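Residue numbers (numbering that gives the first Met the number 0), protein chains in the order written: chain W, 0 to 257; chain B, 0 to 262.
Accuracy of the hints is not assured; some may be wrong.
[What the hints assert, rightly or not] Mimicking DSSO-like on lysine-lysine, the simulated pairs with C-alpha atoms at most 30 Å apart in a straight line are:
hint	chain 1	residue 1	chain 2	residue 2
1	W	Lys119	W	Lys183
2	W	Lys22	W	Lys215
3	W	Lys21	W	Lys242
4	W	Lys183	W	Lys242
5	W	Lys135	W	Lys183
6	W	Lys8	W	Lys186
7	W	Lys7	W	Lys183
8	B	Lys254	W	Lys21
9	W	Lys135	W	Lys180
10	W	Lys119	W	Lys7
11	B	Lys1	W	Lys22
12	B	Lys254	W	Lys22
13	W	Lys215	W	Lys21
14	W	Lys215	B	Lys252
15	W	Lys8	W	Lys180
16	W	Lys215	B	Lys1
17	W	Lys180	W	Lys242
18	W	Lys135	W	Lys119
19	W	Lys21	B	Lys252
20	W	Lys119	B	Lys1
21	W	Lys119	W	Lys215
Simulated from the structure, these hints should not be mistaken for lab results. None of the values given here were measured: they were computed from a predicted structure.
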Amino acid sequence: MPGRNAVKKTVVEVSSLVKDFKKLRAVDGVSFSVSEGEIVGLLGPNGAGKTTIIHMLLGLTTPTSGRVRIFGLDFARRRSRILQEVNFSSTYTDMPYSLTVQESLRVFARLYGVRGREEKIRGLLETFDLTEIRRKQVRHLSTGQRTRLNLSKALVNDPRVLFLDEPTASLDPDIADRTRKLLKRIKEERGLSILYTSHNMREMEEVSDRVLFLHKGRLLAEGTPAEVMRSFRSRSLEDAFLKVARGKEAGGKGAARP
Amino acid sequence: MKLHRIAAVFLRYFYIYRRSGTRLLETVYWPLLDLVLWGFVTVYLSRHAEGLPQFVAFLLGALILWDILFRAQQGISVSFLEDVWARNFLNIFVSPLTTGEYLMALMLSSLLKILIAGAVLTLMAWLLFSFNIFLIGVSLLPFLLLLVVLGWAIGLVTTAIILRFGQQAEVLAWGIALLFQPVSAVFYPVSVLPPFLQAVARFMPAAHVFEGMRAVISTGAFPKRALLAALALDVVYLAGALLFFFWMFRVVKRKGLLARVGE
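My request is simple: use the sequences and hints to build the entire structure.
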């Protein structure tokens, strides 16, 4: 059994990432890494560059410059191989409306070449409390049920890295809390690494091992939630967030690097 | 290329069509309406213009073949739009699926649509107007395949434009093939076109296909020259469409538009 201080493998490595949209620099030389079994929160006001970074890590947007390596492989060259062990869930995406819950999972299980598909799907339906509604079409699901389906899709291939874009944004507090606990449990059980954006600061404090604080495309601070709060002389991440969003705190890159 | 990934995307379209009566109806409704309309026009004209040879075969054959081209194009562009409408596009493109595999799945789904529409049209043409397209013979088959490939090429270009300009360009998915119809000599020979349009028609694979079809019907002989011309043009069109699609796909990723199309 590895010791407490055993060095964990880096699974995501981002170096000097830049993205320009015409004259706007959306991401400005951001570098960070995510280790195995770590939950890293991407935090920042609207337009900070969080979603653009996730899209670049998933190959949906091409970086202007910089490098993305996942599992030690260059993303630009080994996209398919990397995405086999990565998955994604976002409040802003959906499953095909006319498919049932079970059919949606079947399509994605096949897409990722999952072995023992039906057994895997049964397990996910149970975990996300979707068994009762497995024959219901996606169009008839509530927002909470859709989010749970999205999350179960995101775990269908047993990913080593998961990218979540505001996964609990449309959930009521009870389901959001259950989702957070579930993610933490999966992280503990499988050593899953998660990179995660949210506007819910309490959620960030509760879930994240480490937080990357972005503003106008730049990395302002990086560290555990407590370290980031200290670097902004704030009592909570929300307080720090408000300072940055209202321009009271310039911060500084690497203000709180562990 | 991984077959299981192509099968997964195809399975997703199959589920949609199996469940959605509207989609299935739409696949056969418009072609059937066209068939009935043109069928009666043909019957009327053939009674009053006895000098015109093989009138029913010319028009109904052309109608069925044109519909095959149209379905092939729609099979690509509308199937792509299904993913956009369902906000499922990003889920597909963050999977290991490659662009080539995705296109292959779209082509397969378009073949499914063609088979459904083609079977219904052939059956109804036979039942309503005693027109049996199979009597024309196997000579028509290579021409039919060339039309499918041309439909795919047009579908790829349409899809690339929708990717680049978003859902405001959606209307192209329904209208773009019609743009090629006047110079494709679908219902009339190329010779009736004015000289400058005849020159344009020479570069249209579909014009050679429909001229070929008319030659098969009227003489029974296999028009090798028309087939070769259509084949050569088809290769150029498909290669051009693929190059355009992959180029546009790179542009769209660079501009960050792929994510926007999918959300």
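Hint check:
1. For the proposed pair W/Lys119 and W/Lys183, the alpha carbon gap of about 20 Å is at most 30 Å, so the pair holds.
2. Pair hint W/Lys22 plus W/Lys215 holds up; C-alpha atoms about 13 Å apart against a cutoff of 30 Å.
3. Using a Cα cut-off of 30 Å, the hinted pair W/Lys21 and W/Lys242 holds, with the two alpha carbons roughly 29 Å apart.
4. With a CA separation close to 29 Å, the supplied pair W/Lys183 and W/Lys242 stays within the 30 Å bound.
5. Between W/Lys135 and W/Lys183 the alpha-carbon distance is near 28 Å, which keeps this suggested pair within the 30 Å criterion.
6. Straight-line distance between C-alpha atoms of W/Lys8 and W/Lys186 comes to about 15 Å, which keeps the hinted pair within the 30 Å bound.
7. Only pairs whose Cα atoms come within 30 Å are accepted, and W/Lys7 paired with W/Lys183 is accepted, the gap being roughly 17 Å.
8. Proximity of B/Lys254 to W/Lys21 is assessed by CA-CA distance (about 9 Å); at most 30 Å being required, the pair is judged to hold.
9. For the given pair, W/Lys135 sits about 26 Å from W/Lys180 by alpha-carbon distance, which is consistent with the 30 Å threshold.
10. Between W/Lys119 and W/Lys7 the CA atoms are separated by roughly 28 Å; this keeps the pair inside 30 Å, and the hint holds.
11. Between B/Lys1 and W/Lys22 the CA atoms are separated by roughly 40 Å; this puts the pair beyond 30 Å, and the hint is violated.
12. Restraint check: the Cα-Cα separation between B/Lys254 and W/Lys22 comes to about 12 Å, which is no more than 30 Å; the hinted pair holds.
13. Between W/Lys215 and W/Lys21 the CA atoms are separated by roughly 15 Å; this keeps the pair inside 30 Å, and the hint holds.
14. In summary, the hint linking W/Lys215 to B/Lys252 is supported, as the alpha carbons are separated by about 21 Å, within the 30 Å threshold.
15. This hinted pair checks out: W/Lys8 and W/Lys180 have alpha carbons roughly 24 Å apart, not beyond 30 Å.
16. Restraint check: the Cα-Cα separation between W/Lys215 and B/Lys1 comes to about 40 Å, which exceeds 30 Å; the hinted pair is violated.
17. About 29 Å separates the Cα atoms of W/Lys180 and W/Lys242, which keeps this hinted pair within 30 Å; it holds.
18. Pair hint W/Lys135 plus W/Lys119 holds up; C-alpha atoms about 19 Å apart against a cutoff of 30 Å.
19. With a C-alpha separation of about 14 Å, the suggested pairing of W/Lys21 with B/Lys252 holds against the 30 Å cut-off.
20. Between W/Lys119 and B/Lys1 the alpha-carbon distance is near 21 Å, which keeps this suggested pair within the 30 Å criterion.
21. For the hint pairing W/Lys119 with W/Lys215, the CA-to-CA distance comes to about 41 Å; that exceeds 30 Å, so the pair is violated.
Hint check: violations occur at hints 11, 16, 21; the rest are consistent with the structure.
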